[in-house]
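Undergrad: Each chain is listed here by its residues.
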Amino acid sequence: MAELTYREAVAAGIAQEMRRDERVVFLGEDVAAAGGVFKTTVGLLEEFGPKRVRDTPISEQAIIGATMGAAMTGLRPIAEIMFSDFFAVCWDLVANQIAKTRYMTAGQVTLPLVIRTANGGGVRFGAQHSQSVENWAMAIPGLKVVAPSTAADVKGLMAAAVRSDDPVIFFEHKGLFGTKGEVPDDEHVDELGAAKVLREGKDATIVALAMMVPRALEAAKILQAEHGISATVVDVRSLVPLDVQTILEAVRKTGRLFTVEENPRLCGWGAEIVSIVGEEAFYDLDGPMVRITTPHVPLPCADALEDATIPSVARIVETVRTSMG
Amino acid sequence: MAELTYREAVAAGIAQEMRRDERVVFLGEDVAAAGGVFKTTVGLLEEFGPKRVRDTPISEQAIIGATMGAAMTGLRPIAEIMFSDFFAVCWDLVANQIAKTRYMTAGQVTLPLVIRTANGGGVRFGAQHSQSVENWAMAIPGLKVVAPSTAADVKGLMAAAVRSDDPVIFFEHKGLFGTKGEVPDDEHVDELGAAKVLREGKDATIVALAMMVPRALEAAKILQAEHGISATVVDVRSLVPLDVQTILEAVRKTGRLFTVEENPRLCGWGAEIVSIVGEEAFYDLDGPMVRITTPHVPLPCADALEDATIPSVARIVETVRTSMG
Amino acid sequence: MAATTKERTKPGAGDAEPSQDKRLEMYRMLVELRYCEKRAHDLFLQNLIKGTSHLSLGQEAVAAGFAAAMRPDDWTFCTYRGHAHTQARGASMTGVLGELMGRECGLLKGKGGSMHLTDVAKGAMGSYAIIGAHMPIAVGAAWSAQYRGTAQVAVCFFGDGTTNIGAFHEALNMAKVWSLPAVFVCENNLYMEYTPIGAVTAVEHPAADRASAYGLERIIVDGNDVDEVYQVAQRTIGMARAGKGPSLVEAKTYRHGGHSRADPAKYRPEGELERWLERDPIKVYRERLLGMGVATATLEGIEADAMRKVEEATAAAKASPPPPASLIEQDVWADGGAAWRN
Amino acid sequence: MAATTKERTKPGAGDAEPSQDKRLEMYRMLVELRYCEKRAHDLFLQNLIKGTSHLSLGQEAVAAGFAAAMRPDDWTFCTYRGHAHTQARGASMTGVLGELMGRECGLLKGKGGSMHLTDVAKGAMGSYAIIGAHMPIAVGAAWSAQYRGTAQVAVCFFGDGTTNIGAFHEALNMAKVWSLPAVFVCENNLYMEYTPIGAVTAVEHPAADRASAYGLERIIVDGNDVDEVYQVAQRTIGMARAGKGPSLVEAKTYRHGGHSRADPAKYRPEGELERWLERDPIKVYRERLLGMGVATATLEGIEADAMRKVEEATAAAKASPPPPASLIEQDVWADGGAAWRN
Ligand SMILES: Cc1ncc(C[n+]2csc(CCOP(=O)(O)OP(=O)(O)O)c2C)c(N)n1
Ligand SMILES: Cc1ncc(C[n+]2csc(CCOP(=O)(O)OP(=O)(O)O)c2C)c(N)n1
Ligand SMILES: [Mg+2]
Ligand SMILES: [Mg+2]
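Protein chains in written order, with the numbering used here: chain A, 1 to 325; chain B, 1 to 325; chain C, 1 to 342; chain D, 1 to 342.
Everything labelled a hint here was simulated from the structure, so no lab data went into it.
Remember, it's a predicted structure, so these values are computed and weren't measured experimentally.
All C-beta atoms, glycine included, are put in the ideal place defined by N, C-alpha and C.
Just to be clear, a hint being listed does not mean it is correct.
To be verified - Chain D is faced by these chain C residues, among others (derived, beta-carbon under 8 Å):
| hint | residue |
| --- | --- |
| 1 | Gly166 |
| 2 | Lys176 |
| 3 | Val177 |
| 4 | Val203 |
| 5 | Arg210 |
| 6 | Ser212 |
| 7 | Gly215 |
| 8 | His256 |
| 9 | Glu278 |
As the list claims (entries may be wrong) - Covered stretches of chain B (in silico footprint by chain A; criterion: 3 or more residues with CB under 8 Å from a CB of chain A, positions within the stretch not fixed):
| hint | segment |
| --- | --- |
| 10 | 17-26 |
| 11 | 95-104 |
| 12 | 122-135 |
Said to hold, decoys possible - With a Cα cut of at most 20 Å, we get these calculated SDA-like pairs of lysine to any residue:
| hint | chain 1 | residue 1 | chain 2 | residue 2 |
| --- | --- | --- | --- | --- |
| 13 | D | Lys50 | D | Leu277 |
| 14 | D | Lys50 | D | Glu274 |
| 15 | B | Lys51 | C | Ala199 |
| 16 | C | Lys266 | B | Ala33 |
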């Protein structure tokens with residue numbers, strides 16, 4: 001086990017798969033010679049050469065279209081969309097073409113591809129470079145959706161994503177790039193669709209994703225220490241497929257559900273999980289299900305404002321505490 | 001009162017506003033000379049001339065960009081996106097530019113504009129021309145979102161949308177264009193953000209939108225007649241602003257919530273409403289909250305398949321009955 | 001990268017004329033595509049085809065000329081107006097008509113419909129219903145061919161109206177920069193849906209006048225002359241296969257009917273259709289073949305074969321049941337299913 | 001619409017030279033933009049500016065030359081690299097530095113940040129952070145001017161890399177077809193972020209070599225020569241104002257620093273920066289003015305004024321508090337609030 005940053009784990013995951021399989025190629029803006037604007041892909045050009053690691057024009061539609069066309073004709077491409085906000089300029093290729101083509105062709109087309117992207121806020125980039133858009137992808141049938149919270153998960157889920165024969169949208173969190181964690185040196189392949197219970201409690205279940213995971217864990221510690229509330233913390237990790245069983249089980253044990261989302265309030269993944277629980281575990285609930293989200297506003301830029309907008313440890317603690325009475 | 005089709009009500013609503021205010025202009029593909037591919041805008045070119053009613057190239061980004069630029073400099077444009085699926089080719093302009101610019105500029109920019117679009121399925125157009133994407137718009141802070149179910153609401157909400165100083169996404173349902181209803185001849189201006197209780201019941205609340213509204217109503221009749229279940233039916237009409245009070249009130253009276261959505265299952269507006277109710281009216285609930293949705297698949301094309309995919313009257317009846325029973 | 005823009009508007013010296021066999025093969029294709037498309041039209045009128053559909057009547061020579069020049073493992077990417085292109089690559093006529101009618105025997109088992117005809121086994125890599133999307137997708141296929149060194153070529157068809165959408169621009173630039181084996185073919189039929197292309201386009205030739213913006217040669221071809229199309233196809237596909245990069249071809253043609261099912265095409269100036277009917281690609285080609293000494297009986301035989309094929313396909317498609325509801329939750333994922341949760 | 005493509009690479013006869021007053025006004029602008037941008041760089045290093053920022057050091061002559069040719073009610077649309085363009089239209093320097101520092105006095109009260117500088121009252125209609133988006137938005141403003149008959153002009157600045165995105169293509173075509181009063185100005189600084197523009201573009205001059213695809217004149221200008229920029233601006237804005245439609249200008253220039261805060265710009269070939277520093281727009285212009293007989297003291301006076309202005313603005317911005325949290329739920333809607341429910 002080596003300690004890697006979340007950032008380094010990205011290249012480690014990609015490299016592991018590129019070594020294994022020649023069909024894996026990688027493209028994006030400034031990803032090759034420059035190693036990516038977040039330095040997540042440093043070293044890939046050097047190891048795999050310009051045939052497999054390609055810089056593109058600023059043409060997101062061409063990037064994602066090329067990814068799809070290559071995937072349907074025998075390659076297993078990985079594309080980078082620099083900021084997840086930019087999905088909006090190529091959403092047709094993602095949501096209407098890649099997601100639907102296998103279904104529409106009754107299975108004639110297989111699309112083993114990964115689109116990885118820097119998601120989320122907290123780094124003072126403003127409303128067009130800070131969005132959490134994992135719910136955009138989750139709402140589209142035909143896309144698998146992953147959002148790791150640790151370096152090890154980055155590597156392991158990247159490998160799983162590359163090996164999947166389905167299109168996977170891989171959300172890396174900008175606010176986590178600098179965080180460190182133990183990552184297996186050897187081949188490391190995780191599983192899509194498995195949530196992780198990071199902490200077991202008996203009073204409440206807190207479900208979180210990506211950068212909200214460390215905050216939820218921290219909040220759980222405080223809730224225990226200062227308020228005697230014992231909380232289970234679940235890292236969802238994969239929105240599609242969704243590990244509904246792990247979540248239901250946690251809620252059945254604790255009787256209360258809290259979700260912590262970075263995306264704006266309406267129609268997030270938290271609403272989906274609340275709805276599933278509200279139908280399937282209704283009689284196990286001891287009280288309201290509460291979503292802790294960014295308010296339904298674009299993300300402001302100034303540090304003072306941004307920090308007060310995205311759910312914080314304090315807000316999680318406060319919300320759970322008040323709601324638990 | 002004249003009887004108009006839902007289709008005719010579109011042009012009636014636009015014409016009413018264009019007569020009143022010279023700043024209202026209208027643009028889109030094949031909307032002028034041809035009157036629109038759904039014939040929703042027949043007669044506008046003749047009445048208002050080519051300066052105010054403009055055919056565009058097949059350039060959705062340019063259409064929506066131009067709409068925004070015109071709105072920020074003194075006009076009140078209405079744009080057509082022919083099929084709502086095509087939002088995906090101009091989503092950046094809608095979700096990142098139009099929705100966020102007022103907020104990012106601390107209120108310097110005002111965007112009084114309407115984007116109207118043909119939404120929904122049931123007409124055998126296949127997965128790229130049949131989506132219900134109102135949840136895409138609802139998930140973006142800064143957009144108002146309307147989806148009328150009757151001809152009168154089309155005219156009245158169109159007028160309200162044009163008069164709103166905020167950007168409004170106006171979803172017309174393809175499956176309803178041919179339906180008829182009484183529409184006020186005189187100036188008719190409805191209100192954004194008001195749901196309508198179409199039927200009062202005491203056992204269950206069914207919340208529906210657009211083409212699902214007539215189906216929910218029909219289902220409520222059958223539930224009453226054949227199963228003795230008395231259901232309130234709420235037509236949401238406006239997703240943003242959302243008339244939460246009307247919905248909560250209905251649920252408080254009936255104790256049960258069912259939502260009927262045409263969009264694929266995950267992260268729809270139904271999940272949002274369930275989540276609000278599951279937090280704010282939890283103690284009024286007598287049983288699970290149930291979403292009736294299209295399964296999480298792209299929409300198949302063949303009539304036999306499409307009809308079995310979108311929620312039907314029979315499926316609504318069956319789901320409510322089983323769940324209440 | 002320097003712009004080297006040569007201009008060429010006709011097949012020139014070095015473009016090989018089709019052989020006599022090739023000519024008869026193309027005539028057969030033209031006639032089959034025409035008869036099948038007419039049958040599709042009839043099936044609409046009988047309400048056996050629902051939804052929408054976009055016919056290629058009048059534009060068959062583009063599909064036939066290119067298909068005749070392609071290798072079986074080359075790829076076609078086309079639009080919602082793709083019945084002809086898909087069949088020209090060898091897709092089953094029963095599969096096409098069945099798909100239009102929403103039957104289980106359809107190429108896509110009824111899941112896709114007329115706008116999405118696909119037959120991967122024949123290299124018909126899909127019909128795409130959102131303007132421009134397939135152009136970058138074709139770029140990706142060409143990239144794959146280049147990467148794997150297979151000498152396959154991606155041929156991508158699109159309309160004049162499509163030249164005004166962003167994806168067109170991005171795809172052509174990237175194809176040229178990466179020097180990919182792709183041929184982009186604009187079928188300029190003078191109209192987008194109902195609006196004349198000239199009313200919404202800054203240049204006269206929507207594709208050809210923009211070739212130089214991508215460092216490409218300016219190529220215009222008579223899209224109603226299958227021999228000419230074939231020659232340009234041979235040359236541009238040959239260049240792509242030889243590693244000489246992409247081409248952009250503008251084929252001038254005309255659709256005889258409306259844009260789609262619902263369109264009576266009243267926006268056309270008087271006499272325009274009649275003038276183009278004079279230059280109907282099948283009429284023109286039939287006369288040419290007769291003039292070259294092909295026996296009337298040979299052509300009539302081909303025509304009779306085609307009519308029989310259409311009748312058989314129609315009957316087979318009609319006999320096929322509607323697709324079973326079990327298909328609804330199939331084939332979202334590569335495992336064959338649609339589960340998004342455990 | 002026929003393509004009439006003339007070529008012009010320099011301001012020609014009929015392009016009015018700037019008056020002496022205009023020249024001094026432009027020199028003042030250049031120096032202010034330069035000093036302020038350098039200050040922004042210092043404030044980064046002191047960690048008083050968070051997030052990212054994109055400096056225009058070296059590119060000031062484009063902003064100054066165009067701004068000097070615009071009417072107060074004309075509109076500027078620019079990119080995340082927009083500090084200079086926004087200030088050139090008259091936005092407050094305190095407002096700019098305050099915004100960069102996330103202070104309440106910021107032009108956007110801290111809500112937008114460095115990539116979104118806007119001052120509608122001055123015609124600075126926004127800085128847009130997603131490549132290409134503002135080009136169609138500028139089209140809309142130009143449409144509004146044409147519709148209302150105000151003779152206003154929309155001037156839209158963008159980078160070389162932006163010429164490869166779809167929105168560029170759509171915007172230019174529509175602007176030409178509608179003959180709108182817009183001037184599109186490509187600041188070709190040789191790089192997208194870190195990748196040389198030549199490596200990802202099918203033509204040598206990413207904007208000028210594509211003008212003909214939109215029926216536009218080919219215009220290249222030395223973007224480091226403010227007089228030349230001013231002359232081209234006068235001419236193209238004048239044409240737009242006179243109802244003669246849009247223009248596309250390619251201004252060759254160079255950024256002295258990295259792409260953004262984080263970028264040390266190591267990808268540049270040796271000597272490149274040094275060669276361009278020789279042609280620094282301020283250096284060049286100062287020498288020209290002196291050569292024309294302007295007194296050294298006059299220029300030094302301008303420089304001292306500018307430095308004082310920067311000091312004052314810095315102090316004012318530093319003194320401004322962080323924005324209050326109450327702003328978070330303000331100004332989503334025109335009513336000033338953020339309520340999405342009752
Ligand atoms: C992005 C997008 N915008 C609009 C449409 C609707 N539409 C379908 S076909 C068509 C006209 C296309 O014209 P052209 O490219 O000339 O092709 P043709 O139909 O003439 O073959 C339009 C506007 C679409 N499918 N996708
Ligand atoms: C759609 C989109 N893709 C990528 C980016 C990331 N990005 C920001 S600036 C930039 C380079 C732009 O280059 P150019 O247009 O030459 O402008 P310059 O920065 O040189 O002024 C890129 C790729 C973006 N902001 N938007
Ligand atoms: Mg056409
Ligand atoms: Mg640049």
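Undergrad: Look at each hint and say if it fits the structure.
TA: Now for the hints, and whether the structure bears them out:
no. : hint               : in the structure
1   : Gly166             : holds (2 Å)
2   : Lys176             : holds (4 Å)
3   : Val177             : holds (6 Å)
4   : Val203             : holds (4 Å)
5   : Arg210             : holds (4 Å)
6   : Ser212             : holds (6 Å)
7   : Gly215             : holds (4 Å)
8   : His256             : violated (26 Å)
9   : Glu278             : violated (26 Å)
10  : 17-26              : violated (count 0)
11  : 95-104             : holds (count 6)
12  : 122-135            : holds (count 4)
13  : Lys50/D - Leu277/D : violated (28 Å)
14  : Lys50/D - Glu274/D : violated (29 Å)
15  : Lys51/B - Ala199/C : holds (14 Å)
16  : Lys266/C - Ala33/B : holds (11 Å)
Checked against the numbered hints listed earlier, the structure breaks hints 8, 9, 10, 13 and 14; every other hint is satisfied.
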